[in-house]
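Undergrad: Residue numbers (UniProt numbering), protein chains in the order written: chain D, 1 to 215; chain Y, 1 to 215; chain G, 1 to 215; chain H, 1 to 215.
Hints were generated in silico from the structure; no laboratory data involved.
Quick caveat, the model's predicted, so the values are computed rather than measured.
Incorrect hints may have been included.
If several chains are the same, the list does not tell them apart, and a pair holds so long as it fits within one copy or across any two.
As the list claims (entries may be wrong) - Straight-line Cα separation of at most 27 Å, DSSO-like style, residue types lysine-lysine; simulated pairs:
id	residue 1	residue 2
1	Lys108	Lys211
2	Lys55	Lys211
3	Lys55	Lys22
4	Lys22	Lys65
5	Lys65	Lys55
6	Lys22	Lys49
7	Lys107	Lys55
4 protein chains.
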Amino acid sequence: MQVTKTARKPGRALTPEERQTKTQQLLDAALDVFLERGFEAARLDEVAKRAGVAKGTLYLYFASKEALFEDLIRSLIASPIQEVGQRMLAQDIPAEMMLRGLLNWAKKEVLGTRRKDIARLIISEAGRFPELGAFYHREVISRGTAVIRAIVTRGVERGEFTSDALDRFPQLLIAPVLVGIIWNGLFSHVETLDTDGLLDVHADLIIRGLKGGAA
Amino acid sequence: MQVTKTARKPGRALTPEERQTKTQQLLDAALDVFLERGFEAARLDEVAKRAGVAKGTLYLYFASKEALFEDLIRSLIASPIQEVGQRMLAQDIPAEMMLRGLLNWAKKEVLGTRRKDIARLIISEAGRFPELGAFYHREVISRGTAVIRAIVTRGVERGEFTSDALDRFPQLLIAPVLVGIIWNGLFSHVETLDTDGLLDVHADLIIRGLKGGAA
Amino acid sequence: MQVTKTARKPGRALTPEERQTKTQQLLDAALDVFLERGFEAARLDEVAKRAGVAKGTLYLYFASKEALFEDLIRSLIASPIQEVGQRMLAQDIPAEMMLRGLLNWAKKEVLGTRRKDIARLIISEAGRFPELGAFYHREVISRGTAVIRAIVTRGVERGEFTSDALDRFPQLLIAPVLVGIIWNGLFSHVETLDTDGLLDVHADLIIRGLKGGAA
Amino acid sequence: MQVTKTARKPGRALTPEERQTKTQQLLDAALDVFLERGFEAARLDEVAKRAGVAKGTLYLYFASKEALFEDLIRSLIASPIQEVGQRMLAQDIPAEMMLRGLLNWAKKEVLGTRRKDIARLIISEAGRFPELGAFYHREVISRGTAVIRAIVTRGVERGEFTSDALDRFPQLLIAPVLVGIIWNGLFSHVETLDTDGLLDVHADLIIRGLKGGAA
DNA sequence: AATGAATGAGTGTTCATTCAT
DNA sequence: TATGAATGAACACTCATTCAT
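Construct the entire structure; sequences and hints are all you get.
TA: Here is the structure:
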């Protein structure tokens, strides 16, 4: 997580890109510290040190610790999930493959990247930042559930699925993703969870459940 | 929340039971405050006030804020899940019913009580208390997974289940419980999740998955 | 201005008098520092040091720097002027003697005590504390002007004075008191002003003015 | 307040007049801010913004905030009072008229202009700038008192005045000017003082006092 | 045993000052 | 000459911890 120290230029105006770059460096450092310590325990001194700037510099980019935290979360919550969903739905493949595609995407793009850390940060802290919770719900959660519902509905219409369980509770599809994130956040030192295997088995199980038998 | 003010004894010596009772009062007050604010933001002033004692008194019972927090979590992590599991296994009922029984127990005894809040506290804070994570894993998680595995194994042996998915990843059974806890912790103001419905549908789905069809 | 260090008693509850005494010690220290540096430049560290307490202790007695300042001013603005005025008016002496009595009182009780410093503090800072200005006006100024007016009115009624100048502008009586305060606050190193002489001459001059001649 | 933005010359060398002009612009902006906030609370950011320059530019013209303040006060303390006094003394008019002329000048040129604010600034802040106090005394006060003394002496010599009160304490003449300045600085929201009336009545009263009767 | 006043290190934040451009 | 981004010491205020009573 070392920050590539850009040459110090106390002088002339920053171009928008330079400012953007610097902002990103600060956010990177902030993410590290917030992840390690949580919002309250995170020290701006530490953030500044890791970003290689003076503490005062932070305030040229963010109005307060809280603003830094919120900007951080916002900047990280791009919601590519919707795009993935659209791509899936655009193809003419079985709904089953769509759901598997979604979970594979989660394996690669969430559990395999920093996004999992961000999710953990949100899970830990959003309780005390209600606006942030609402924001996350609007930008990520509601879009994700919409995509899942669309896929399942199509699967039911086409006769692939006999159950509308995921239409009623799309959360069931991503529940194991959450478990993976939390588990490895809390217990990785004790017993690492093979999240890829977890999601593979989950996919099989839930697909079987949706296709159902006599039940 | 409820401070049963015991008569103040300015004098000498507490019997072990008295000390036990007082300790419990302090822990009760501490739980409230830690739940509302999280570890860092929790104020010992507030804990003392709610317990109806002076701040200094806390230090007669707990060595530090951190010790208080850890003692609190430890005291809360009794692991009734194992007992429930044993009770299930002791009966001669289908494995399916055992799994459903486990989820119903979770509905009533976790999501329906303060245990859900405690779980959320652990999820939020245990990252910074590695020992506590290990402790929780040992006392609760590993026992829970053992119970699930035992049930599933029996189900497979008896021919009820065709899949050993839950033997490999028992986490899949309780994943929706976690989702329920987190969701209502973060988004209840925006969109409340019907956790009972969630778990019912989950039960149906996973049982169907385990029983499998042609697959 | 050394504070008489009371024995440190970190222990049991303070009696109201003890608390009162301590509060007074803190206010004494605060007055010194505010006088030397002004509100903004005054350092609470310095106040605490002079009072012989830790910085945090200040906050057990005052909610903030601003509250400390306001409490300080309030505690200092007892308004004995009214009492003096009443005493004067109760006697059956010439109005001239009353005015002289007032100015002598100012010499002794204002210019000769810390009250002059307080006045200077108010003059310097009240511009940024409007409430304090209003408070001072209500508690001190308006009462003082009322007393002066009462005396002058009586003087006119009794035929002692031919001019009602001080009834219209009672400020003219105390203007030299202000000058004395400010002068010695600003120029005492350069040229000390004999404020006693100033007020004596002022008394003579204004009395002559009020008694008037043909003019 | 009014920022006459001079054309930016990114290039070289300022003529002495240009430098002079710019310096004046900075001082103008500084005066506004110091008047509004006082020395400590004044922000150089604000000064720079109002002057339409970058904060760093201030340091090309003034060595520090303190130097800026002192230069500002120095630049404002031109002492027209002496000139007025000389003009008075040059005329062959009664000393009474000279004193009245002085007070009328104060009404128009001090209380009626920004000079009153500057005086208040000095009164409030000079306590912490001893050099400034000495400078002000030398440039303004001593000259003013000299003028008053000269007038009164002439008045006594010519038999106009029977009292040398103002020779001993020339401060008595300008005391009400001070009161006017301070009063309206502190209490104008509560009770505005009619400073013109105040000085008129003061003039009458003091003249009568100086002319005296039997006394 | 219980108190609660006292402590003081530590935090977020500000702002006069610097200096590479 | 002018800039303005960067600095970092300094401050008001907090709060876990201590200890004389």
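Undergrad: Now, for every hint given, state plainly whether the structure supports it.
TA: Evaluation of the provided hints:
1. Lys108 / Lys211: This pair counts as within: shortest intra-copy Cα distance 26 Å, inter-copy 29 Å.
2. Lys55 / Lys211: neither (57 Å within a copy, 59 Å between copies)
3. Lys55 / Lys22: For Lys55 and Lys22, both the intra-copy (14 Å) and inter-copy (22 Å) Cα distances are at most 27 Å.
4. Lys22 / Lys65: For Lys22 and Lys65, only the intra-copy Cα distance (17 Å) is at most 27 Å; the inter-copy one is 31 Å.
5. Lys65 / Lys55: For Lys65 and Lys55, both the intra-copy (11 Å) and inter-copy (23 Å) Cα distances are at most 27 Å.
6. Lys22 / Lys49: both (14 Å within a copy, 25 Å between copies)
7. Lys107 / Lys55: neither (37 Å within a copy, 48 Å between copies)
Checked against the numbered hints above, the structure violates hints 2 and 7; every other hint is satisfied.
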